[in-house]
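Participant: Those sequence lines, one after another, are chains A and B.
Read in my numbering, the first sequence has 67 at position 63, and its numbers run on one by one without any break.
Read in my numbering, the second sequence has 69 at position 55, and its numbers run on one by one without any break.
Source of the hints: derived by calculation from the structure; they are not laboratory data.
Just to be clear, a hint being listed does not mean it is correct.
Unchecked claim - Over 10 Å on every C-beta distance to chain A, these chain B residues come out as not near it, computed from the model: (1) Phe112; (2) Leu154; (3) Leu158.
Unchecked claim - Listing some non-contacts, in silico: residues in chain A with all C-beta distances to chain B over 12 Å: (4) Thr51; (5) Leu54; (6) Glu158; (7) Gly248; (8) Gly259; (9) Ser264; (10) Val291; (11) Ala341.
As the list claims (entries may be wrong) - Now the in silico label distances, taken between C-beta atoms and shown as ranges: (12) Leu142/B to Gly234/A: 30 to 38 Å; (13) Tyr86/B to Gly234/A: 38 to 46 Å; (14) Pro40/B to Pro233/A: 48 to 56 Å; (15) Leu226/B to Pro304/A: 25 to 33 Å; (16) Asp102/B to Pro230/A: 49 to 57 Å.
From the three backbone atoms N, C-alpha and C, an ideal C-beta is built for every residue, glycine too.
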Amino acid sequence: MIATAALVAAATPAVGQDASDLVAQSVRAYQGLEFDAAAGLLRRALTPPLADSLDAAERVRALSYLGAIEQLREHRDSAMAVFRRLVLFDPRYRLDTFVFPPEVTRLFDEVRVRTKVVAIRVPADTLIPLQQGWLPVWLFPSSPHDVTVAIAREDGRPLRALYAGPLGDSLKVRWDGRDSTGALAPRGRVWLTVASRSGGGGGATTARLVQLPLELDFALDTEPHPTAPGPGQLLPERAGRRTGVRSLAAGLLIGAAAVSLPEIVAPGERPSGTRLAVGGTLALSGVIGYLAQPPGRPLPDNIAANRARREEWKRRTDAVIAENARRQRGAALHVRAGGQPVAIERGEGGAP
Amino acid sequence: MTPCARCLGLSLAAACAAGSLAAQSPVLSAGATVVGVRAQGDGISGPTRNAGTVLGGLATARFGKVEVEGRYLEGVLQPQDAASSRRDLVEGQLAVGFHATPWLATQTALRARTYVMPEGGGGTERWLVWLLGVRVETPLVGTLVRGDVGLWGALAMSANVGSTDGRSGRGGDAGVTLQLPSRPLWFRLAYGIDRGSVAGAARRETVEEFTLTVGVQRR
Numbered sequence: 005m006i007a008t009a010a011l012v013a014a015a016t017p018a019v020g021q022d023a024s025d026l027v028a029q030s031v032r033a034y035q036g037l038e039f040d041a042a043a044g045l046l047r048r049a050l051t052p053p054l055a056d057s058l059d060a061a062e063r064v065r066a067l068s069y070l071g072a073i074e075q076l077r078e079h080r081d082s083a084m085a086v087f088r089r090l091v092l093f094d095p096r097y098r099l100d101t102f103v104f105p106p107e108v109t110r111l112f113d114e115v116r117v118r119t120k121v122v123a124i125r126v127p128a129d130t131l132i133p134l135q136q137g138w139l140p141v142w143l144f145p146s147s148p149h150d151v152t153v154a155i156a157r158e159d160g161r162p163l164r165a166l167y168a169g170p171l172g173d174s175l176k177v178r179w180d181g182r183d184s185t186g187a188l189a190p191r192g193r194v195w196l197t198v199a200s201r202s203g204g205g206g207g208a209t210t211a212r213l214v215q216l217p218l219e220l221d222f223a224l225d226t227e228p229h230p231t232a233p234g235p236g237q238l239l240p241e242r243a244g245r246r247t248g249v250r251s252l253a254a255g256l257l258i259g260a261a262a263v264s265l266p267e268i269v270a271p272g273e274r275p276s277g278t279r280l281a282v283g284g285t286l287a288l289s290g291v292i293g294y295l296a297q298p299p300g301r302p303l304p305d306n307i308a309a310n311r312a313r314r315e316e317w318k319r320r321t322d323a324v325i326a327e328n329a330r331r332q333r334g335a336a337l338h339v340r341a342g343g344q345p346v347a348i349e350r351g352e353g354g355a356p
Numbered sequence: 015m016t017p018c019a020r021c022l023g024l025s026l027a028a029a030c031a032a033g034s035l036a037a038q039s040p041v042l043s044a045g046a047t048v049v050g051v052r053a054q055g056d057g058i059s060g061p062t063r064n065a066g067t068v069l070g071g072l073a074t075a076r077f078g079k080v081e082v083e084g085r086y087l088e089g090v091l092q093p094q095d096a097a098s099s100r101r102d103l104v105e106g107q108l109a110v111g112f113h114a115t116p117w118l119a120t121q122t123a124l125r126a127r128t129y130v131m132p133e134g135g136g137g138t139e140r141w142l143v144w145l146l147g148v149r150v151e152t153p154l155v156g157t158l159v160r161g162d163v164g165l166w167g168a169l170a171m172s173a174n175v176g177s178t179d180g181r182s183g184r185g186g187d188a189g190v191t192l193q194l195p196s197r198p199l200w201f202r203l204a205y206g207i208d209r210g211s212v213a214g215a216a217r218r219e220t221v222e223e224f225t226l227t228v229g230v231q232r233r
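Okay, chain A solo, but in the shape it has when bound (with noise of 0.2 Å):
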């Protein structure tokens, strides 16, 4: 009686006592076959916040202990369901049958049987060359089943089968980063999906579905086409009603600049008549032109330049697209595979 009110006593947890500290008591408390101090403490250390500092190994451990602990005290139920959550957190966990007894192990076993689910091992990071290159996924189940393999759309749309079928003690599918049409899939957020199927032949219902967030972007720097030439950027092909006025006011302009230069240039000096010659051969270019542009008439001149200048557009875009195919050829498929695995149920086969 002493020596238990000691041992629960040593048992309690002190303030800032961390997870670690209540799972290795409730170890030693175990093995003092102490089972009910002993589930009190792991109780305690699985249950958040207390629980977010454990990491993935002492939370098997605690886990298992805990399933184990509620089997000796008879109390099934609660064992299965500790089970259930140690088989959904790592579907390849096995208790050491040297440290658990057998009716602990064996009753692991039936709930591990029952629970179909499947671990996913993903690269963290990978680039994958797109014309050779895979993104590998392992999977592990709980147990053998008939599993789905795919690559959904961030709003759960399908968007690549690669597996379906049996699972027995492991698979290994690759994905070459595109869709079902072989396209490249999108930039941003896919799901790699893994639904385990229970019962068999044409009455198997998905049980568990098992959703892992894949990031995908591509190593890939392609060159922008081209702007197309725009209203500003070509002639008018007909002439308006300014064109016409516009030759004659500049004829005009230029010509009487011709005929002023040597009083800008040199006052003062007697000038030739030359200059008239050419500033009167300015100015009736410049009425030329105003007779022969009527408006609405085609401009050759400007329709052939604007012609060029569309084919010098065109020719630039399909280099551009030429260069951009073969970078694409290049380019890789950057995965990262950063976020935790997402479980959700379907029905009761999973239910143990």
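Based on these hints, arrange chain B on the given structure of chain A.
Facilitator: For chain B alone, coordinates are given in the frame of chain A:
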């Protein structure tokens, strides 16, 4: 001109040339030119009047917005009055232009003009001008006929007329160019006038040029 203005001109030319010379297929042009020259000089020995027709040629290469032009003239100017004497004229110019817009261009050029006097007439007189100018160009009849006018001022000038004080120079020209459709031929009629003066030597030289050029262009 001040050193600042010289630097400005040089920088402008260099920047313009560097900006668009690369990766451009040039438009080449060459022509033969006939120039009616009328030169009027004022100096200590009194006014001189000479005129004559000189011949020459020019070549132009345009790389996008940048244009490089070389020009050469040579001929004889006959005296127009009893106080003047016959002079041989040799003129060369190398210019770099930048077409900022389809209708506006800036140009800087180095122009050398030499008057070779007859023996006993004062030797050879050389005028060397570094100029900077602007030019406005516009179509008059579609792209068949174009008109242009330009003005320039001297950034620096050198003349062996006895003094270096008060040197200045400016000029301008206007012309009309006919580019034959579907043919590489073009014709140009132009009038130009420039004046260089050296106040320290009481010397002033005004030259008018009436130019007819026939050229070919190759893209």
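Participant: So which hints don't hold here, by number, going up?
Facilitator: Failing hints, ascending: 2, 3, 7, 8, 9, 10, 12 and 14.
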